[in-house]
Structures are given as structure tokens and as C-alpha cells.
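Trainee: Here's the letter readout for the chains.
Protein chains: 2
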Amino acid sequence: MARRATSGDGGRRPTTIRDVAAHAGVSVATVSRILSGTYPSAPATRGKVMKAVRELDYVANANARGLAGASSRSVAIVVNSVVSPHYAHVAQGVQTQAALEGKLCIVGTTGGDPERELATVQLMRQEHAECVILVGNVVNDDAYRARMADYARALSAAGSQLVLCGRPALGPDVPALVIEYDNIGGAHAVTSHLLSAGHRRILFLGRHDGYTTPEARIAGYRNALSDFGVPHDPALELHGRMERAEGYRMIRGRLADGPPDFSAIFAGNDLLAAGARQALREHGLRIPDDISMVGFDDLPTAADIDLTTVHVPHEELGRTAVRLALRHGQDRSALTEQHVLLGTHIVVRDSVRPIRPH
Amino acid sequence: MARRATSGDGGRRPTTIRDVAAHAGVSVATVSRILSGTYPSAPATRGKVMKAVRELDYVANANARGLAGASSRSVAIVVNSVVSPHYAHVAQGVQTQAALEGKLCIVGTTGGDPERELATVQLMRQEHAECVILVGNVVNDDAYRARMADYARALSAAGSQLVLCGRPALGPDVPALVIEYDNIGGAHAVTSHLLSAGHRRILFLGRHDGYTTPEARIAGYRNALSDFGVPHDPALELHGRMERAEGYRMIRGRLADGPPDFSAIFAGNDLLAAGARQALREHGLRIPDDISMVGFDDLPTAADIDLTTVHVPHEELGRTAVRLALRHGQDRSALTEQHVLLGTHIVVRDSVRPIRPH
Chain G
1 MARRATSGDG GRRPTTIRDV AAHAGVSVAT VSRILSGTYP SAPATRGKVM
51 KAVRELDYVA NANARGLAGA SSRSVAIVVN SVVSPHYAHV AQGVQTQAAL
101 EGKLCIVGTT GGDPERELAT VQLMRQEHAE CVILVGNVVN DDAYRARMAD
151 YARALSAAGS QLVLCGRPAL GPDVPALVIE YDNIGGAHAV TSHLLSAGHR
201 RILFLGRHDG YTTPEARIAG YRNALSDFGV PHDPALELHG RMERAEGYRM
251 IRGRLADGPP DFSAIFAGND LLAAGARQAL REHGLRIPDD ISMVGFDDLP
301 TAADIDLTTV HVPHEELGRT AVRLALRHGQ DRSALTEQHV LLGTHIVVRD
351 SVRPIRPH
Chain A
1 MARRATSGDG GRRPTTIRDV AAHAGVSVAT VSRILSGTYP SAPATRGKVM
51 KAVRELDYVA NANARGLAGA SSRSVAIVVN SVVSPHYAHV AQGVQTQAAL
101 EGKLCIVGTT GGDPERELAT VQLMRQEHAE CVILVGNVVN DDAYRARMAD
151 YARALSAAGS QLVLCGRPAL GPDVPALVIE YDNIGGAHAV TSHLLSAGHR
201 RILFLGRHDG YTTPEARIAG YRNALSDFGV PHDPALELHG RMERAEGYRM
251 IRGRLADGPP DFSAIFAGND LLAAGARQAL REHGLRIPDD ISMVGFDDLP
301 TAADIDLTTV HVPHEELGRT AVRLALRHGQ DRSALTEQHV LLGTHIVVRD
351 SVRPIRPH
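Residue numbers (UniProt numbering), protein chains in the order written: chain G, 1 to 358; chain A, 1 to 358.
In case anyone wonders, no lab produced these hints; they're calculated from the structure. The C-beta atom is built at its ideal place from N, Cα and C for all residues, glycine as well. Hints may be right or wrong, so weigh each one.
If you only want the chain A side, here are some residues facing chain G, beta carbon under 8 Å, derived [what the hints assert, rightly or not]:
#, residue
1, Ala44
2, Ala52
3, Arg54
4, His89
5, Ala91
6, Gln95
7, Ile106
8, Gly108
9, Thr109
10, Glu115
11, Ala119
12, Glu127
13, Asp150
14, Glu215
15, Arg244
Please model the complete structure; the sequences and the hints are all you need to start from.
Mentor: Written out as C-alpha cells, the structure is:
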């Protein structure tokens with residue numbers, strides 16, 4: 001498939017790591033160490049090796065890649081979008097761990113379109129990615145589960161491994177690894193934080209029925225209300241996607257209907273909180289003086305707006321996904337489902353003020 | 001290479017789009033439209049087609065991919081990191097345009113390591129990416145230019161195309177497309193904005209000699225000072241990388257030395273501004289009441305902290321890169337260098353207050 005320059009034998013033999021070592025005047029072990037990127041090396045040595053790699057147009061593991069099921073050099077992650085900092089931070093964890101393991105990392109983006117997802121997973125499989133990590137919020141319906149089961153079996157048959165990250169498990173007969181984080185626990189904790197400060201009318205931003213992530217977060221919110229004996233008022237749950245502009249839209253709409261009938265806001269993620277904060281400010285309402293607010297995710301925007309939020313271990317999710325998939329790949333007989341749940345915790349900043357209980 | 005299930009002829013023939021259409025009971029044109037993702041389609045039709053694609057394990061363009069130099073289905077972008085919103089927004093533009101053109105988008109991450117960059121570009125070339133887009137800030141030295149020229153020629157020989165995005169041109173004999181944006185003009189305009197408001201002692205955050213992006217931004221800053229007849233004071237230029245934590249570090253260090261000897265700050269990008277703002281607040285200094293500040297990039301964090309900044313057309317950079325590369329690919333005889341410069345402009349928010357001239 002790949003065009004490869006010849007190494008000096010008339011083009012009948014692909015360049016090997018030995019050719020590179022000989023050309024650079026160093027040992028094979030040195031070339032291997034430098035190409036894996038996991039050990040320090042002297043700049044001069046590195047320079048010689050990279051020059052030889054370029055001049056011989058060496059493609060590392062080119063031989064191994066031609067063998068069915070042989071180990072590859074890349075791990076793949078598939079996300080809706082790289083602009084969403086949630087996805088970006090998980091992808092960063094994947095990239096970091098891939099680098100530690102001496103692998104490349106490739107990211108496929110789908111724009112949330114199942115057909116692009118299918119085509120992307122097929123491409124990753126063709127390229128012998130060692131694992132394919134799918135991230136984030138989904139509609140957990142039959143069509144989704146059927147699609148994932150197909151991916152899992154096709155990847156497994158090709159010697160690769162499906163990993164679901166921040167998504168629910170598929171079932172014991174599907175060869176997929178699952179790395180989740182505790183959405184319900186985090187949402188329960190941060191809602192309890194507001195309730196403990198005396199808040200009873202807590203607006204929830206970002207209800208999105210059918211989608212796994214907002215459903216888990218609103219479940220934690222409702223459980224906490226119930227634990228504190230606060231009646232559940234569906235009119236306090238505002239529907240929308242988990243984007244900044246949606247938070248702005250929801251609060252703007254709510255305040256257009258009259259003065260706030262809530263003392264606190266639980267934004268389904270930090271981006272919603274940032275948008276909501278802007279709409280509050282345009283109405284002359286300040287956080288936390290007038291309205292308390294909490295978010296979810298602990299992305300950089302939360303630090304910028306001094307938001308108390310739930311820390312999601314995004315990078316750890318990505319690192320764990322790669323680590324487990326590569327360990328798993330070493331034991332092909334153990335293709336039973338594996339399921340990891342990472343914890344979440346509150347990060348307290350300056351966005352909540354206690355009030356007297358009503 | 002790729003494992004492909006058989007279509008019903010005993011496995012001697014790969015599945016074609018006609019097989020998918022027959023299996024789904026629709027026309028070839030319908031399958032093509034649905035797989036390209038560029039036209040609306042009825043959910044029922046889409047469902048039938050996707051079911052056929054899964055059952056036949058159809059890999060679109062699998063035949064074409066086998067032919068040397070034939071058109072592929074993917075465009076590739078290589079970035080240091082997907083966590084940096086600058087890179088993420090360019091990658092988003094690439095993904096958007098790729099989807100419009102019916103292509104997949106794959107993103108390679110390098111962590112800034114030239115060896116990983118080399119391995120990633122090789123992988124992209126092996127996979128017949130139609131173009132390989134490299135983004136962002138670099139040390140524009142001989143080693144860099146030699147590496148890029150190697151990439152450009154290797155990709156061109158493989159029927160692909162190197163695109164440099166937000167990087168300087170390589171020279172007329174190197175077959176690379178270059179899409180830049182106006183760093184110097186933007187920095188000049190936003191510095192002039194501070195100067196027009198009466199500021200004379202303007203701290204510059206993020207000087208990083210040798211790196212193309214900060215060098216261009218500081219050049220615009222110095223030019224504007226010169227145009228306003230303000231003497232250049234090198235003590236006002238603080239060195240550091242363009243990251244949030246660095247902005248915090250620089251301002252913390254500066255204020256530890258004594259009260260501010262500046263009335264305004266030009267942060268080399270919005271992340272530096274966010275970090276600087278945090279350090280200012282810890283010293284009880286408010287923006288814009290005590291210190292004026294401007295940034296660069298117009299990333300979401302700028303809206304969160306109400307920062308006047310320079311808008312960089314990140315997504316347009318990505319879209320233009322794909323558009324030009326794919327058009328270019330249609331005329332292989334025109335492999336001369338092509339160079340596009342996109343404009344930048346100020347976005348005024350609430351972070352600058354006029355002062356009396358000194």
C-alpha cells in the first residue's frame with residue numbers, strides 16, 4: 001500500500017530498522033529507543049537517526065503491519081468534535097498514554113453522525129489500530145447497541161479492541177472494554193452542596209431525555225433532592241443540549257418570563273454555566289451574590305468564571321482506556337467484557353452563597 | 001490489508017456500492033448520497049442502507065484506495081495537542097469542510113515531538129490521506145524547513161499534499177500549500193487600541209524568541225509602539241510559553257517584585273490573559289478598573305472573562321486548508337506553491353479603560 005523508498009538493494013526489500021541503524025552508525029536498540037520516544041537520547045544521536053529515517057524513508061513496523069492481527073503502532077479515538085473541551089481532554093489522555101506506550105494516536109471526528117462514525121471505525125480497523133476508543137454521550141437505544149456490538153465484533157475479529165469511554169456497558173457477550181466515570185455520584189454530591197447551603201429552588205440546565213450523560217446527571221440531582229426531602233418540580237428542569245449557547249438561551253428565556261423563581265442553578269456542564277452566567281449578567285444578576293451556580297466537568301472555563309463544579313477525570317479516562325486496551329490485547333483469550341468506573345469529586349470555588357432555608 | 005467480509009460470490013470480489021444498493025433495495029445514487037452525508041435522507045432509507053453496509057461489511061472506496069495515487073477518503077491534520085483550543089478550532093474547521101466534501105477527517109497528535117510528527121506524517125501518507133495539514137507555531141530553523149520540505153516531496157510523490165496552516169511559507173520549490181493569518185496586523189491593531197486609550201506602559205506576555213507565532217505578535221506590538229512614538233522598553237516583554245499557567249506565573253512574578261509599573265497588558269494569547277487575570281485578582285487588581293488587558297485568538301475563554309482580543313479565523317483556516325488542498329489535488333500539474341493570508345480583527349469587550357496620557 002505505502003510507497004516506500006528503496007534501501008539500496010534495488011527496491012526488492014523494504015527498509016528495516018537494521019538498515020536505519022547501519023546508515024546512522026548506531027545500534028538497533030538505539031534506533032528503537034529513539035523511535036519509541038519513551039527514553040531520553042542525546043540530540044546528536046537523535047539527529048543522526050532521524051536523518052537516516054528520512055533518507056531511507058523508513059516506516060517503523062511496516063513489516064509487522066502487513067501480518068493479519070500483528071501488533072500495530074497506533075491507537076485510535078473517535079469523538080463527535082475536538083472543539084468540545086470534554087472530548088479534547090479525553091483525547092489528550094489517550095495521546096499521552098499512547099506516547100508512553102510508543103504508539104501513535106489518531107483521532108477521528110464524526111460530527112455526531114452515525115454514518116461517519118461507521119466509516120471512521122472501518123478506517124481505523126483497516127489501519128490496524130490496536131484499539132478504537134469511542135467517547136461520550138449517546139442515545140442508548142437498540143440501534144446504538146446493535147451498532148456498537150457490530151463494531152466490537154468486527155474489531156475483535158481484526159485483532160483490535162473496542163473501548164467505550166464515558167458510555168454504558170453493552171452486555172457480557174460483547175467484546176468491549178468500558179471505562180465510565182461517576183456522573184450520578186458527582187451530580188448527587190454537587191446538588192447536596194447547594195442543598196446544604198440552604199437552596200431549595202435549584203434550576204437544572206440541560207435536561208436531554210434519552211441521552212446517557214444528561215440523564216445520569218439529572219438522576220443524581222433528583223436523588224439528592226429526594227434525600228433532602230425537597231419536592232421535585234419538573235418546571236425547574238430546562239431542556240437543551242450541553243453547549244454554551246444553550247445555557248445562555250435557557251436563562252434568557254427563563255428571565256424573560258419574570259424574575260427568578262430559583263436561588264441556585266445546577267448547570268449540566270461548565271459550558272452551560274458559562275452561557276447562563278452571561279445571560280444572568282445581562283439581567284444585572286451576579287454570581288454568587290444574587291444567584292448561586294454549580295457546574296459539571298471542571299474544564300478550564302470553570303476556573304475562569306470561579307465556578308464550583310464536579311471534577312471529571314477526563315485525561316485519566318483516556319489514559320486508562322489505552323492502558324487497559326493494550327494490556328487486554330496481550331491476552332487475546334480474555335475477551336470478556338471489562339468495566340471500570342472512575343470517581344468524580346467536587347471542586348469548590350466562589351459561586352455558591354448560603355441562604356436561609358425557605 | 002483490511003479484513004472484508006464476502007458479498008456472496010465466495011469471497012473473490014470485494015463488496016461494491018452496487019451490492020449495497022441491491023441488498024438495501026435502493027439505487028446506487030441513494031447509497032452514495034447517504035454515505036457521503038452531504039444530503040438529507042429519510043430515516044427509514046438511511047436505516048436500510050446502513051444495515052446493508054453493516055451486513056456486507058462494505059468499505060466505501062475500498063477499490064479506489066488500492067490504486068496508487070487514487071483519490072482517498074480522508075484528510076489528515078497533525079497538531080501538537082487537541083487540548084489547546086487554538087488547534088481544536090482549526091481541527092474543527094478541517095472536520096467541517098471534510099464532511100462537506102464527503103471525506104473522513106483524522107487528527108494526529110505529536111506532543112510537539114518531531115519524531116512523533118515524522119511517524120504521524122508517514123502513517124497519514126501510508127493511509128493515502130488526500131492532504132496532510134500541519135498546524136501552528138514552530139521554530140522556523142533549518143532543521144524544520146528541511147523536515148517540511150521532505151514531507152512535502154514525499155506526500156506529493158504519493159499523490160497527497162502538504163498544507164501548512166498558521167506557519168510561514170517554505171519557498172517556491174517546495175510543493176506545499178500555506179494558509180496563514182495576519183498575526184502582525186492583529187497585534188498592531190490591538191496594541192494601537194491600548195495606545196489610543198492613553199496607555200504607554202504596556203506589558204507584553206509571552207515573548208518566545210525563535211517561535212513564529214509569538215515573534216509575529218511581538219513584532220506587531222513593537223511596530224505599534226513605534227508608530228505612536230512610544231519608546232520600546234525590553235523590560236516590559238515577559239518571556240514564556242503561550243499557556244494559561246505561564247500567564248499566571250509571569251504576573252505573579254512581576255507583582256512580587258513591587259507594585260505594577262504598567263497600566264495595561266497585551267497577553268500573547270487568551271490563555272495567557274486568563275492566567276494573568278487570576279494572578280491580578282489574587283493581588284486585588286481588577287480588570288479594567290486597575291489594569292487594562294487585551295489578548296489574542298478570541299477563544300471561548302475570552303468571552304468568559306470579557307476580554308478585548310484579536311479574532312483569529314481558526315475554523316476558516318481549517319476549512320480553507322481542506323478546500324484548497326482538494327481543489328489543488330484536481331490539478332496535479334499545478335504543484336507550485338500557493339499562499340493564502342487570512343485577515344484578523346479586534347473584538348471589543350470590557351477589558352480596556354482609557355487613561356490620561358502620561
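Trainee: Which of the stated hints cannot be reconciled with the structure, identified by number in ascending sequence?
Mentor: Going through the list in order, the structure violates hints 1, 2 and 14 and respects the others.
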